[in-house]
Structures are given as structure tokens and as C-alpha cells.
Amino acid sequence: MDKLAKQLRDDAHRIECSVSDELEDRVRASLEGIEPEPAQRPRRESKSFSFWWASSLTGVAAAIAMIAFINLQTPGPGPVATDSNLQPLVIPTVRWHTETAVLTSPLEQEFEDLQADLKKAEEAVKQDIDRLF
Amino acid sequence: MSNEAALIEAARNGSAAAFADLVGAYREGLLRFLLTRSSSFADAEDALQDTLINAYRYLHSYDARWRFSTWLYRIAINNAARLKSTETVELGDLSDGGDDPLRLCIEASERENLWLSARRSLTDEVYAAMWLRYVEDMSIKDISTVLERSVSWTKVNLMRGRKILDAEFNKVATDEKSKAYG
Chain X
-4 MDKLAKQLRD DAHRIECSVS DELEDRVRAS LEGIEPEPAQ RPRRESKSFS
46 FWWASSLTGV AAAIAMIAFI NLQTPGPGPV ATDSNLQPLV IPTVRWHTET
96 AVLTSPLEQE FEDLQADLKK AEEAVKQDID RLF
Chain B
827 MSNEAALIEA ARNGSAAAFA DLVGAYREGL LRFLLTRSSS FADAEDALQD
877 TLINAYRYLH SYDARWRFST WLYRIAINNA ARLKSTETVE LGDLSDGGDD
927 PLRLCIEASE RENLWLSARR SLTDEVYAAM WLRYVEDMSI KDISTVLERS
977 VSWTKVNLMR GRKILDAEFN KVATDEKSKA YG
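Protein chains in written order, with the numbering used here: chain X, -4 to 128; chain B, 827 to 1008.
Misleading hints may appear alongside valid ones.
Cross-link-like lysine to aspartate or glutamate pairs, in silico, EDC-like; alpha carbons within 20 Å at most [stated by the list, open to error]:
1) B/Lys967 - B/Asp950
2) X/Lys1 - B/Asp992
3) B/Lys981 - B/Asp950
4) X/Lys1 - B/Glu938
5) B/Lys989 - X/Asp(-3)
6) X/Lys(-2) - B/Glu994
7) B/Lys997 - X/Asp5
8) X/Lys(-2) - B/Asp992
9) B/Lys989 - X/Asp125
10) X/Lys1 - B/Glu962
11) X/Lys115 - X/Asp125
12) X/Lys1 - B/Glu974
13) B/Lys981 - X/Asp(-3)
14) B/Lys967 - B/Asp992
15) B/Lys989 - B/Glu951
16) B/Lys981 - B/Asp963
17) B/Lys997 - X/Asp125
18) X/Lys(-2) - B/Glu962
Hint data in this document are derived by calculation from the structure and do not stem from the laboratory.
Generate coordinates for the entire structure from the input sequences, incorporating the hints supplied.
So, in C-alpha cells, the structure goes:
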């Protein structure tokens, strides 16, 4: 121990003080009047396990209830149509007068023939108009 | 189980007598320490009473990994700090006055007690660190635990405190030598 440390220790012991009887009585009386606070017990493992189970079951029950509720609230698909409910479908028939084009010659020849038919039809229409008016 | 551990267990179960036995060895040291932090002897006694009552009440929070004295001093330092915050008289004003309880409790000597010099020149925390180290023989780790400081802080401030007190000590020694040699 160095000189300073020794001197500090000696000087501390030179501080003369002692716990008086009166203080001792006071402390004893105070201690008897109080109870040490109980230590907080650590949670038991089984308790936390049961808590886990309870919370899981509650969660599952809540999920099922929610699914059921949503399903009840959503409007269903409605009555399914049956054959008896079907209105008779009337489709107007259009009668087309068609002639089958018989392509017996090349397309260019057919085109000239059609033009000639058209000219003849025009002349026939003109004659009919002149005759009427 | 050691005797101290048995007393702690009994006190935890509500035995005030076991607690009184437990703290019996520390009361004088605690009072001496608190006296250096108080403006009157009565305040130091009140602080000691509060320390012991709090220790008994909250004994369940004591961790057996610590030394019991470390835990007890932690409570005492908290009480001393609270006491000081409510005091109207500054300790520095008392250090030179005749009402200073520390001065009154120090036996007459030609040389000034180093703890009086320490109280004048060191901060509260450094003072407490020096006391715990050189009077209570606490380890650096225990001191840092009591003061709620890092080990590095404790080491550095113990060294600073030592340096300051060493200068005071050497000054006194030089003065005494000069007087002796005329």
C-alpha cells in the first residue's frame, strides 16, 4: 500500500462516529413496522403455454365467425334458370335470294360480263323511265 | 450457503432481526461515509436510517452476483444525493466552519484530515469513488457498479482524484518538513 492510500485509510478511521443507541432503536422500530416487498415471481412456463393455447383458439374461433358472417352477408347467385323459365327465342328469318355464281371462265372475263349485264340493266331501267314519263 | 446468504434469505422472509445482523457490520462505515456528505450529524443519521429501511424493503431486488456492501452503498449514495438536493446549506460553506459535522468528528490533529481536503477539491462522484476504493477496499468494477459509471470512467477519475489528493498530501508533508527544519 502506498503512502497516500495508507493516509486516506488512516484519516477515514480518524473520523470518530458511532451509531447511537437512540438511532439503533429508531431503525429497529422502523424495520419492525415494515414488511419486505415480495419478489415478483417469474411467470411459469405452463401458464404461458396455456395462454398460447387460449389465444390460438380465440383467434381460430374469431376467424371462423368472420368467415361465416361474410358468407351470410354476401348475396347469393340467385335462382338458377331452368328450361321451363326460358322464353321461346324467336329469331326472324331473312330470306335471301341468292344465286350461285358459277365461275366457268377466268375472273377478268367474268368481270366484263358482269359490267355488260349492268349496262343492259341500266338501259332497261332508262327505257322503262322514258316510257312512264 | 454462507452466513450472509442465510441472513439475506431470512430477512427476505420478513425477519427484521436477521436483517439487523446482516447490516450490523456495515452501519458504522455507512454512517461515516454519509457524515462526509451531510451538513449535520442528524442528517447523516436520517440518511442511514433511510438507507437501511430501503434496503430491507427492497431486499428482493438484491442480486447475489454483487457484493452486499456494493448494493448497500448504491442505496446510501442515492440517499446522500437526495439529502443534498434538499439541503439549504452548501457543504462547501461548512468545510471551513465550526458546525461542519465531519470536522467535529475528526480528532484533533496538527495535520488536516485528507477527507476534508477531498471534500473541498473533488466532485461528489470522485469523492465517493475515492472513499469506496481506499476505505471500503472495493474493486474498480464494484465502484463502477455503485456509481453507475463505466469502468474506464472510474479508473480515469480515481487517477485524477489521487493526483489532486497526492498534491495536497505532499504539500502538507513539505510544510511539516519546513516547520521541523525551521
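Item to complete: Identify every previously stated hint that the structure contradicts and give their numbers, smallest first.
Response: 9, 12, 14 and 17
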